[in-house]
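Residue numbers (this note's numbering), protein chains in the order written: chain A, 1 to 368; chain B, 1 to 368; chain C, 1 to 263; chain D, 1 to 263.
In short, the hints are calculated from the structure, not lab data. Since this is a predicted model, take the numbers as computed values, not measurements. The reader is advised that the hints may include incorrect statements.
Simulated crosslink set (DSSO-like; lysine-lysine; CA at most 30 Å straight-line) [to be verified]:
{"no.": "1", "chain 1": "B", "residue 1": "K160", "chain 2": "B", "residue 2": "K226"}
{"no.": "2", "chain 1": "B", "residue 1": "K174", "chain 2": "A", "residue 2": "K293"}
{"no.": "3", "chain 1": "A", "residue 1": "K226", "chain 2": "B", "residue 2": "K243"}
{"no.": "4", "chain 1": "B", "residue 1": "K126", "chain 2": "B", "residue 2": "K226"}
{"no.": "5", "chain 1": "B", "residue 1": "K295", "chain 2": "A", "residue 2": "K295"}
{"no.": "6", "chain 1": "B", "residue 1": "K174", "chain 2": "A", "residue 2": "K235"}
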Amino acid sequence: MKETSIVYLDSVSKVYPTAQGEFFAARQVTLDVQAGEFFSILGSSGSGKTTTLRMIGGFEVPEYGQVWIGGEEVTELPPYQRNVHTVFQSYALFPHMTVAQNIAYPLTIAKFPRSEIQPRITEALKMFRIEGLGDRYPAQLSGGQQQRVALARALISRPKVLLLDEPLSALDAKIREEVRQELRDLQHQLNLTFIYVTHDQEEALALSDRIAVMHQGKVEQVGAPKDIYDRPASKFVAQFIGKANFLSGTVLSLAEGRAQVQIQGQVIEAAIANHTPQLQETVTLMIRPENIKLKDSASVPSENQIQNSIQNHIQGQITGMIYVGQTQEIQYQTPLGQLTVTQLGNAIAQPENTLSWNIEDCIIIQPE
Amino acid sequence: MKETSIVYLDSVSKVYPTAQGEFFAARQVTLDVQAGEFFSILGSSGSGKTTTLRMIGGFEVPEYGQVWIGGEEVTELPPYQRNVHTVFQSYALFPHMTVAQNIAYPLTIAKFPRSEIQPRITEALKMFRIEGLGDRYPAQLSGGQQQRVALARALISRPKVLLLDEPLSALDAKIREEVRQELRDLQHQLNLTFIYVTHDQEEALALSDRIAVMHQGKVEQVGAPKDIYDRPASKFVAQFIGKANFLSGTVLSLAEGRAQVQIQGQVIEAAIANHTPQLQETVTLMIRPENIKLKDSASVPSENQIQNSIQNHIQGQITGMIYVGQTQEIQYQTPLGQLTVTQLGNAIAQPENTLSWNIEDCIIIQPE
Amino acid sequence: MPRQQPQPRLLASWSILVYAFLYLPIAVLIAISFNDSPILSLPFKGFTPRWYQQSFADQALQAALVNSLKVAGSATLLATFLGLLAAFAIYRHQFFGRNTFRIALNLPILLPGIVTGVAMLAYFSDLGWDLSLWTVILGHTVFGIPVACGPILTRLAQFPRSLEEAAYDLGAKPAEVFRDVLFPYLWSALISAALLAFTLSFDEVVVTIFLTGRENTLPMEIWGRLRTNITPEIAAVATLISLVSGVLVGLSQGTQMNADGRR
Amino acid sequence: MPRQQPQPRLLASWSILVYAFLYLPIAVLIAISFNDSPILSLPFKGFTPRWYQQSFADQALQAALVNSLKVAGSATLLATFLGLLAAFAIYRHQFFGRNTFRIALNLPILLPGIVTGVAMLAYFSDLGWDLSLWTVILGHTVFGIPVACGPILTRLAQFPRSLEEAAYDLGAKPAEVFRDVLFPYLWSALISAALLAFTLSFDEVVVTIFLTGRENTLPMEIWGRLRTNITPEIAAVATLISLVSGVLVGLSQGTQMNADGRR
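Excised from the complex, chain A in its bound form (with noise of 0.2 Å):
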């Protein structure tokens, strides 16, 4: 692994004192990541996805745990003897230089000839669409042009991974999305590994191969978005990305991938997905607000499909709704709880209704 991946962190802690003792900021946080892949950490603020990238861009020594890079050991290098660069969530220009200066720099700084810097400047002024630029500073571009000059400037030496932190954020709601398909396809086109940090799980889910969401240091699960979306590892990720129903009952029988959870005198049945549980455990299970269909309750399964148990639909009675423009929430009180059912567009609950949802759908989840 350590040897084969583009990055890879083996067990890695970096710990601050603080009055009350140690903190750590990371804990024991084991990532690898493939060459050509686009991986995200996400997490909140505090959450030690920043001090991750920092230990791999070399601007953090971590107290316990080895980082590698291309299959060497770089845990104590400094960030000027590893071959990654960074992509600052303030962009971090010199202000002092031009766009062309600020671009060259890793060149100049590395010595190279200036018959040979000059036609990489060209080429990458035009690769990033930002030809007319080159001979304004910094403070005289948008947030957007910023943005493609950092890029360009962590690009010109070819580094093997790029790190970016938040580099969306300090954009407009709008220009963000258009800036996100244009990394993606960048990342594409010339194969590069990205590691990239962001608390927008939007961002996240949308962009990237893997995902690994963290919090309190800690590395809570690593997937594909779907992965990661549909089979949360814990109550946590269920809660950060996106929204979820939550159910607490007590399992009464497993069987191949399926446990019959009773919930509130009602027996429904689940989907084991990352938590096996046990024989009469206190289980939490996750439905996706999305995933609940609406029937009438005119359509309702007939007796024999029932059987004992409710098994996946249930009567429910609606309590509020809240309408978010693209889609609509509505609460139900039902026998097991409190349900919110999202809809898309101008979709109309019925008064009373029945709700239902695939057995897939609704998972067994770590209980936080």
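Starting from the known structure of chain A, fit chains B, C and D onto it as the hints suggest.
Quick look at chains B, C and D alone, frame taken from chain A:
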């Protein structure tokens, strides 16, 4: 209007001198807010929404126009002579006073007797569920608690109108939704008038009775949330609130709320909303991506339904897909141009499909 | 075993040298003040509290100290009040001329004391005023204002305008806003400003020489003695003055930083 | 017709009074320097450039000016360099002792000049050094360091750490980071610091009196003459010194503000 509305702005403008001449932070803003309404002013930063709120609160005096509160002209009255209170974005709690002293401040300054203040403070602390915190200082409170104190302080002297300047923006995303609901309940319960400034369209849609959308100092549209989302007055509003597909075409014929529009040689039918076009006029059409339904190519309408024009369905080819968890955005190449379709949850589109929509969901808007 | 973080040793040793350079003379002075030798010099011949006892018993020094306290106390009050006004004026002029005001305020403190002294002497004699402790107080106020204004302005610049607006909004009139919101906020800065102005006034010599009548302040008394008989008693008094100055300045800066932290 | 915004008139008039109080003595001094009267006083009897001509021709004043420039120039270089070091030390010590360092740095500037003077005199005589312009330079450096450190530290505190990290990240070694990123950023603060240190050194009297040998600096020369013959020539020289000080301080603050604006 001026006399019956609880707050009425009569063509109010706020002008700042700049090196380039005059800058209109607010330009001829006319708004009327009825008693008991939850009225939002929605706009991005620099749209003039906060300036407008500050003119109601008395922190800015407009250069032109009049401000009426409760049927009286108050344009030049200082804040301490207006019966409206503000909840500031930063909460603006007095750091050297305890929570109880903060909440009591409006009564203390109005020279209420001590014996009358005490029970009202106790009641307010209870109402906002901060009973135990009366002796703490603001710095010792969490963001959510500070917000409650700010609300309690603003409401203790029972103002006619409460002005709220992005009161949720300093809170964590998770707490925000909780507090949002509380705010709405509070407003209903006490039958208060709220004027609520925000840049978050979801917040405005979920909370408001009516919304005024501001852009570059001007009011673009005033209306109920569904009105503004479904029938935006301009391209700006359509883009700012949610996502939208825009098409540009020429009006061929007009009839009772409908128009035939020719786009790239195709003719489609569109509904007329706030903007009534002329024959041969070049107009902009808007379709929300979640209002486009997907059907298998097999189930297209029969020949006689289609007649000569395509009306409201079209063939398309998938060119891209973005997964964002709750929804999936699918890009289609169609004879009309690029169209984005939003689908909920795990629905998966077939590689080739027919896109269709209700004619009411395809509306003609002002081309900005 | 946790990995050790690298330390910036070179920088640390350089900066220790700089501080040593700054503090060595003071260290020597303190040593001399306890040295059992009648001349103002090292080497150290033994510890004695004699020079301190002698200075405490000195009648002329006591009188000078009282004068110094009178001058510094009055000048501090005046300078702090006027500095507060000046700080407000700069703070309120958000747009036009703000920087000009600020620079104009700082000029007098950086004018040579000798120029200020000559100028005020000429000014007072034109007005026909007799020189006394009062003229010294006015002279000290002139350079005390900019010094006092500094911390007040710094704190005022951090003042969240919304606090003031909230108070207005909740029904407070301008004077009440000042009393209930601004003053409590500025309190620590006022203390800090007063301590600074006091220290400067207490230590001043040049302007004082021009403006005083028959009464001597403490530094003037030392100054006078240095020309006639230089004894370690002077070192003892100088050490005491340093100690008081140090404590006052330390307090002043501590007050400021506490306020910053609490904010 | 646009509605007029209210103006804070009371505050404006008060603050004009404060500034008048600060500047009146200087105005009187300037008036006297052009007054056609051989005594150092008003009323104004007519305009004459005579006192300025006389001071320009004065050999002793010229020699004193050269000495002043030598001392101020050397002390400024030393103080700015050491102040930069001290600022770095404070800036890097993010956690432990940062505030202590900062206060320790500011103490010497607030010690009475008389204490610094006595202490350094005793120190140099212990070392067996002869008094000369060199000892004056060292003395001025002691209070120049904290003064020079101020603007550098202020600017350094605003320095976005990410710029430094970006340079490291892109392959620059520590010395190259300083040359390419930090130094260009600090440049304006260094100028500002040097101008301040120069002004203070150029104007200083008290420490100079203790530490100089036979050579006089310009303020010392004036000082000496004030005891013997007070002529309007002194007023002319004092006016010129004020002008130079004012311009230097104005330049220094202007440089700082420009840099702030550009950032």
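Outcome of the hint check:
no., hint, verdict
1, B/K160 x B/K226, "holds (27 Å)"
2, B/K174 x A/K293, "holds (25 Å)"
3, A/K226 x B/K243, "holds (23 Å)"
4, B/K126 x B/K226, "violated (36 Å)"
5, B/K295 x A/K295, "holds (21 Å)"
6, B/K174 x A/K235, "holds (14 Å)"
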